Every structure is written in structure tokens, then in C-alpha cells.
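When you get a sec, could you build the whole thing from the sequences and use the hints?
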Amino acid sequence: MRSRISENESLKTAFRDAYSAKGREETRHEWQSQTMSRIRQIGPLKPVAGFWSAFESMVWRLAPVSCLLVLVLALFFVNMELDVDSDYLGTMAAEMEKPSLVEFFDLEG
Amino acid sequence: MQNDAVRSSDEEIVRQVLGGNVNAFESVILRHRVHVLTIVKKHVPENAVEETAQEAFVRAYQALPTFKGTGAFSQWLSSIVVRTCYDYWRKAYRSQEIPISALTERHSEWLEEVIAQMPEEAPDERESQMEAREILNWALEKLSAGDRMVLELVYLEGHSVQEAAKLLGWSKANVKVRSFRVRMKLEKLLSKVKEQGRGR
Numbered sequence: 019m020r021s022r023i024s025e026n027e028s029l030k031t032a033f034r035d036a037y038s039a040k041g042r043e044e045t046r047h048e049w050q051s052q053t054m055s056r057i058r059q060i061g062p063l064k065p066v067a068g069f070w071s072a073f074e075s076m077v078w079r080l081a082p083v084s085c086l087l088v089l090v091l092a093l094f095f096v097n098m099e100l101d102v103d104s105d106y107l108g109t110m111a112a113e114m115e116k117p118s119l120v121e122f123f124d125l126e127g
Numbered sequence: 300m301q302n303d304a305v306r307s308s309d310e311e312i313v314r315q316v317l318g319g320n321v322n323a324f325e326s327v328i329l330r331h332r333v334h335v336l337t338i339v340k341k342h343v344p345e346n347a348v349e350e351t352a353q354e355a356f357v358r359a360y361q362a363l364p365t366f367k368g369t370g371a372f373s374q375w376l377s378s379i380v381v382r383t384c385y386d387y388w389r390k391a392y393r394s395q396e397i398p399i400s401a402l403t404e405r406h407s408e409w410l411e412e413v414i415a416q417m418p419e420e421a422p423d424e425r426e427s428q429m430e431a432r433e434i435l436n437w438a439l440e441k442l443s444a445g446d447r448m449v450l451e452l453v454y455l456e457g458h459s460v461q462e463a464a465k466l467l468g469w470s471k472a473n474v475k476v477r478s479f480r481v482r483m484k485l486e487k488l489l490s491k492v493k494e495q496g497r498g499r
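Residue numbers (our numbering), protein chains in the order written: chain A, 19 to 127; chain B, 300 to 499.
In short, the hints are calculated from the structure, not lab data. All values derive from a computational prediction rather than experimental measurement. Mixed in with the good hints, there may be bad ones.
Just some of the chain B residues that point at chain A, by a computed CB distance under 8 Å [to be verified]:
#	residue
1	Ile312
2	Glu349
3	Val357
4	Gln428
Glycine included, C-beta positions come from ideal geometry on N, C-alpha and C.
Below is the structure:
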């Protein structure tokens, strides 16, 4: 079986040595202050929002909208004139009224 | 015992930073800069080391609320640094900023010599390192960003598939498949170098 070049132990060692030597090279340290100034620009961190805290914040955000909606609907229903003759509900109410009154006053023969 | 002390103080600093003390992060940089630089220097070209290290620390800062403290902080940081290096290469490949190097007869000769050596015969380190690095850089330039990272982590640094997967945030299967393919690619590239030398 033909041996692989990349698996040759001497070559592998030479490559690994050359590669790890890269990690030992000297570097300047000015980048640290630049990093800190970038971090200060970002500012304090916000904690990761869990499910309930996200839910809570959403509820509070939606609360004024919900209140407004309830108010508008209440006004709408107060000002709405129900036309009993043409309204389906009115027809239903009239139909239900007859037997119930008869039953109530015990007028049935 | 000492590790516990280091770990607990890392966690203490993290708590301070999360509590709103941004300046406490400077201690994180001071404590881990050597570790971060060692990783970055191995993976990216010299002219991009500072920028990548800076980016890695900024990313670590932004990801700090996700640090659960279940493992060592340095391990958590390493994975951020490795992923930042990977992103550096992805960006470089996209913008076609990969330097093209060429190999000469000297490299082919060196390769032949090293292969012919017995494993215990260590080649002269200084002479050898230059050629090894040039061949390695030439081969790495021919690989994609992902293949490059896998080759470096598994083949050159000797990490296990599981460790490499954890560092890159990939699945074990993905790293395993890539690792196999990239070794095949490396084999082809090295054969090419060897044959070039014979052809001359």
C-alpha cells in the first residue's frame, strides 16, 4: 500500500512545529486600549431576556394599545343604535319573548 | 486549587461586567490576551492579528450574558476566538484578499528530504521551519475557509474531532467529513509539490 505524504511523521512534525511557532511571535499591545474604547462605546450590557421577562415586557408594551381598544369599542357600542326590526338579534329576541311571557304569566289555556 | 481560584475570579469579573461595570472587562483582556493572541496568531496572517484579537474580545464582551459559567471561561473564550478567525477567512475569501504564494524547487527538495528522513531524525529546526511554513501557507491558500480551519485544528493542532466541533460550533459529523476530505486535498497538493520537483 502506498504511504501517504501528509501522514509522514517527519513531515507532520515539521508542519506542526512551523505552525505552533507562529503562535510564539511577538505582538504589540496597543490594540488593547483600542479594544477597551470600542467596548466603552458599546456600553453596559443588557442581560439575556428569558421567556417570562420577554413576555412581561411585551405585555406592558401592549397594555396602552389594549386599553385604547377597549375604550374605542365601549364608545362604539354605547353610540350604536340597534334597529330591532331589521336586526337579526331583534328578531330572535321577539321570537323568544312570546313564549316566555306566555309561560311567565301562565296565560296558556 | 489554583484553577478554581482563576475560574472563580473570572466569574467574578463577568458578574461585575454584567452588573454594569464596563471597565472591569479590561481585566478579562489582561488575563486572557496571551491565550487569545496565541490562537489568533496561528490562524490568521500577521497583519491581521491585532484586528482579529480586538474583534474576538468585542464579540466576547457582547456574548458575555450568554456565558453560563458551567465550563471554564478560557474554553468559552477560545471558541469565540476560533470562530472569529474563521469569519476572518470567510470575509477574506469573499473579498478575494488571499495572497497567492508560489513554491520553488527548494520547497520540493525540502519535502523530498523530510519524507525520506526517519521520524526520530529531527530536521534542523530553523532551516526547516521556513520551508515548512511556506509550503503550509501555499497549501492552506488553496483551501476554503472551513477546510482551512478544520485542517489547522485537527491536523496541525491535534484537536480531536469533538473538540474541533465544539470550537467551531459545528456538528461532529460535519467536522469528521471535512477532516477526511481536507486530508485528501492536502495529500493531492503535497503530491503536486513533490512531482514538480521531479519534473524539473
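Outcome of the hint check:
Of the supplied interface hints, the one on B/Ile312 is violated, with its beta-carbon coming no nearer than about 13 Å to a beta-carbon of chain A, more than 8 Å. Residue-level restraint check for B/Glu349 holds (minimum Cβ-Cβ distance to chain A is 4 Å; threshold 8 Å). Checking B/Val357 against chain A: minimum C-beta separation of about 5 Å stays under 8 Å; hint holds. Satisfaction of the interface hint for B/Gln428 is found here, the shortest Cβ-Cβ separation to chain A being roughly 5 Å, below the 8 Å cut-off.
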